[in-house]
Amino acid sequence: MGFFIETLIGGLMAGMLYSLVALGFVLIFKSSGVFNFAQGAMVLFAALAMARFSEWANAALGGNSLFLANLIAFVGAGATMWLVAWVVERFVLRKLVNQEGATLLMVTLGITYVLEGVGQTIFGSEIYNIDVGMPKEPVMMFENLFEGGILINKEDFIAALIAALLVGLLTLFFQKTPVGRALRAVADDHQAALSIGIPLNRIWVIVWLVAGVVALVAGIIWGSKLGVQFSLATVALRALPVVILGGLTSVPGAIVGGLIIGVGEKLSEVYIGPMVGGGIEIWFAYVLALVVLLFRPQGLFGEKIINRV
Amino acid sequence: MLYRENGQFKTTYAADQQIFTIAQDKWFVLGIVAFAFLAVPMLADEYMFRAILIPFLILSLAALGVNLLVGYCGQITLGAGAFMAVGAYAAYNFLIRIDGMPLIGALLLGGLTSAGMGILFGIPSLRVRGLYLAVATLAAQFFCDWAFLRIKWFTNDSSSGSVSVSDLSVFGWVIDSPAEKYLFCLGFIVVFAVIAKNMTRATIGRQWMAIRDMDVAAEVIGIRPMYAKLSAFAVSSFFVGVAGALWGFVHLGSWEPAAFSVDRSFQLLFMVIIGGLGSILGSFVGAAFIVILPIFLNQFLPALGGLLGLHISTAAVSHAELIIFGSLIVFFLIVEPHGLARLWAIAKEKLRLWPFPH
Amino acid sequence: MSRKIGDVILDLQNISLRFGGVKALTDISFDIREHEVRAIIGPNGAGKSSMLNVINGVYHPQEGKIFYRGAERKKMEPHMAASTGIARTFQNIALFKGMSVLDNIMTGRTLKMKSNMLLQAMWFGPAQKEELAHRRKVEEIIDFLEIQHIRKTPVGRLPYGLQKRVDLGRALAMEPQILLLDEPMAGMNVEEKQDMCRFILDVNDQFGTTIVLIEHDMGVVMDISDRVVVLDYGKKIGDGLPDEVRSSPEVIKAYLGAGH
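Protein chains in written order, with my numbering: chain Z, 1 to 309; chain U, 1 to 358; chain X, 1 to 260.
By construction, these hints were calculated from the structure, which means they are not laboratory data.
Computed from a prediction, not measured in an experiment: that's the story for all the values here.
Just so it is clear, CB atoms sit at the ideal spot from N, CA and C, and this is done for glycine as well.
Careful: at least some of the hints might be erroneous.
Stated by the list, open to error - FRET-style restraints, in silico, Cβ to Cβ:
hint, chain 1, residue 1, chain 2, residue 2, range
1, Z, F295, X, S83, 25 to 31 Å
2, X, A71, U, E336, 52 to 58 Å
3, U, A44, Z, G124, 39 to 45 Å
Using the sequences plus the hints, can you model the full thing?
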């Protein structure tokens with residue numbers, strides 16, 4: 001029983017990170033109808049920027065204050081993501097208003113390659129560390145409840161808290177602020193939004209920036225746990241079933257979907273994996289999402305699609 | 001001779017429904033095919049065959065298959081690589097497990113197996129569409145990646161996980177030199193291109209396009225969505241599966257599941273989008289573009305660096321390749337979202353009127 | 001040649017249709033007789049298009065029964081309705097944009113083409129013969145609608161009026177027994193309307209096709225229809241001969257608002 005709950009909690013923690021990446025997808029899809037495959041590359045890019053800026057700032061400060069160095073790096077990486085958002089809007093999205101979904105999807109694949117190339121050219125292609133002072137040692141909990149207790153990483157716990165906080169903030173942002181409302185209007189219809197005077201271009205920069213910051217947070221958490229390396233870019237592929245499960249347009253969907261997929265992956269790997277040779281995490285997540293799709297084509301929380309004639 | 005259709009009158013509907021209704025088009029394409037069969041084997045060197053021509057032909061075939069599904073039937077797939085893998089591994093198993101199985105038989109059976117998988121993974125398309133479907137097809141991709149890596153039966157319990165095929169021969173014709181491999185692939189691609197063209201101009205092709213353009217209206221005039229979509233998945237997967245088998249048997253010789261990874265799926269989708277959705281020609285143009293570009297960059301960038309007196313490391317070259325490749329994709333999609341084939345069509349339309357455009 | 005209006009071909013009884021909490025149609029009953037021109041009129045949002053969607057199986061009403069040629073029709077998908085001979089055109093033209101006029105109309109023949117996929121792939125024998133036979137049939141429709149000059153044009157490039165005509169052509173290619181027309185004349189000028197009226201009456205006359213028509217232009221409706229159903233807010237408020245309907249106080253009220 002203790003082991004089961006440990007796996008469960010491990011899954012929830014991993015799921016929180018998937019949620020973060022999925023959130024980036026949802027934000028951009030909601031506001032521009034673009035299915036942004038580059039979200040994974042953005043995580044990599046942001047994490048690379050963070051790791052290197054922190055390293056450089058730390059060296060410049062003489063290694064005296066890790067906190068200050070990290071703060072500078074965070075601001076720097078945030079500014080970098082703003083630059084990315086600006087470039088993407090200025091040179092790509094602006095020229096593709098009202099194109100078809102498939103074309104936009106392909107474009108973001110192109111952006112993925114560019115980001116991966118540029119990121120590694122500027123920041124290098126080694127494995128880097130991000131040290132934001134997260135506690136590494138695990139703690140034993142509920143020892144009196146189960147035999148052997150449950151082992152939990154403090155780091156995971158903090159990460160989950162940060163992710164939850166971010167989700168809360170974004171929900172408020174979308175529902176309560178004028179910018180959030182404008183974003184939702186843009187999502188419904190580009191041209192209609194333009195015609196009532198919503199500055200589409202600025203909105204897109206904002207939303208890509210927000211997605212960039214979400215990517216940055218995801219990158220920091222992930223990077224501090226496993227190191228920053230190229231494989232971070234593939235996290236997009238891990239987060240896709242999450243979005244599908246939760247619904248492409250739903251922020252809560254991204255969260256719940258992430259948790260379900262995180263838990264499902266871990267449990268399936270632990271309990272089914274050994275029977276079939278292991279390594280089933282990835283496709284299990286996809287098949288899980290697929291099964292949900294067959295019953296609810298719009299995902300768990302997506303808006304119902306009605307065909308009109 | 002000017003590019004004109006003047007004086008080419010058609011007196012029967014049969015004549016009007018030929019593949020090429022303009023005589024110049026027909027002669028031009030026949031000329032290219034003749035050139036490809038007769039002249040190219042004498043002109044090209046081994047590197048040309050191995051690095052460019054054979055991959056180009058096989059990937060054209062796969063792109064053609066993807067185009068039937070994505071371009072003609074409007075169902076996005078990100079799992080084409082998986083169907084190549086199914087084709088390759090199925091053909092391999094047919095070849096080694098059944099005594100006396102002829103090569104072409106194995107290739108086609110590989111394609112048929114892939115078609116079956118296509119139908120299976122096409123079922124979600126009956127419920128979901130667009131991007132949801134695209135992600136659903138990724139399920140096929142990751143499942144196949146896993147299956148061919150972990151289930152040892154598929155790889156005939158090979159210890160390294162890679163499988164290999166040697167001694168290709170058809171009716172006593174031993175295919176071992178690059179030129180012979182090239183001709184073998186060329187034969188396939190010509191036949192399949194004609195088949196694709198025929199299907200797209202017949203009722204089945206119209207049903208696919210109707211589903212793509214307006215699925216509700218298509219259903220209202222009596223097209224069964226299930227039949228139209230699943231047949232598109234089946235035919236597309238058949239093409240892709242045969243291409244996969246050729247890729248394994250003829251191009252690679254021995255291969256691992258990584259040869260058919262999700263990157264391959266993206267690559268195929270790039271080909272049809274850059275080449276032109278819903279265009280047979282576009283599949284070829286797109287395949288040529290995607291095959292040649294990296295080779296070109298790989299040669300060109302160090303040369304350029306040398307010219308400027310810079311030494312460019314291999315890592316830098318590979319990063320620059322990513323950047324340029326990505327930018328070009330973005331660029332092409334912005335300039336001509338309908339693909340390179342559209343540029344060709346526009347040029348042809350202008351040419352028909354040239355030099356008097358009004 | 002005078003048309004003979006036959007028996008009831010389609011009988012709708014107590015149809016109710018809801019989307020979530022929204023009632024689109026409430027307890028509507030009317031019938032359609034063979035060979036007649038039956039108009040459905042009503043203000044915007046009255047449920048006219050929903051009614052057509054119920055008839056050809058796009059929407060499934062929660063309550064009510066539909067009898068087609070005397071037999072009760074069970075839950076049915078649009079393509080099954082099509083195979084029983086119900087065709088339709090669309091309010092917001094639903095042509096296949098990427099295809100030529102000819103191909104669009106050819107899709108209307110889908111149900112009648114039986115050759116198998118392999119033969120089509122070879123473009124061989126029966127498949128080719130079938131293709132040509134149907135091409136001939138489609139050319140007749142093209143002649144009938146006077147659109148010979150645009151047969152190879154992609155429909156996306158055509159002006160609105162011609163697109164409407166192609167839409168009709170595609171439905172006619174099915175050789176339907178009942179033809180549902182959803183505002184076939186909306187947005188047309190007088191001449192185009194006259195052409196369209198002529199086509200509709202010709203179809204009705206020459207092929208004996210039963211026509212169900214939604215139209216806003218009262219002049220047209222009164223001229224060409226045999227009987228009229230009036231809907232308002234998803235309810236039936238009138239049913240009868242054009243003249244009866246025109247003088248019904250309830251219908252006048254729905255159209256002009258209370259107080260008149």
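Structure-inconsistent hints, enumerated in ascending order: The structure breaks none of the hints.
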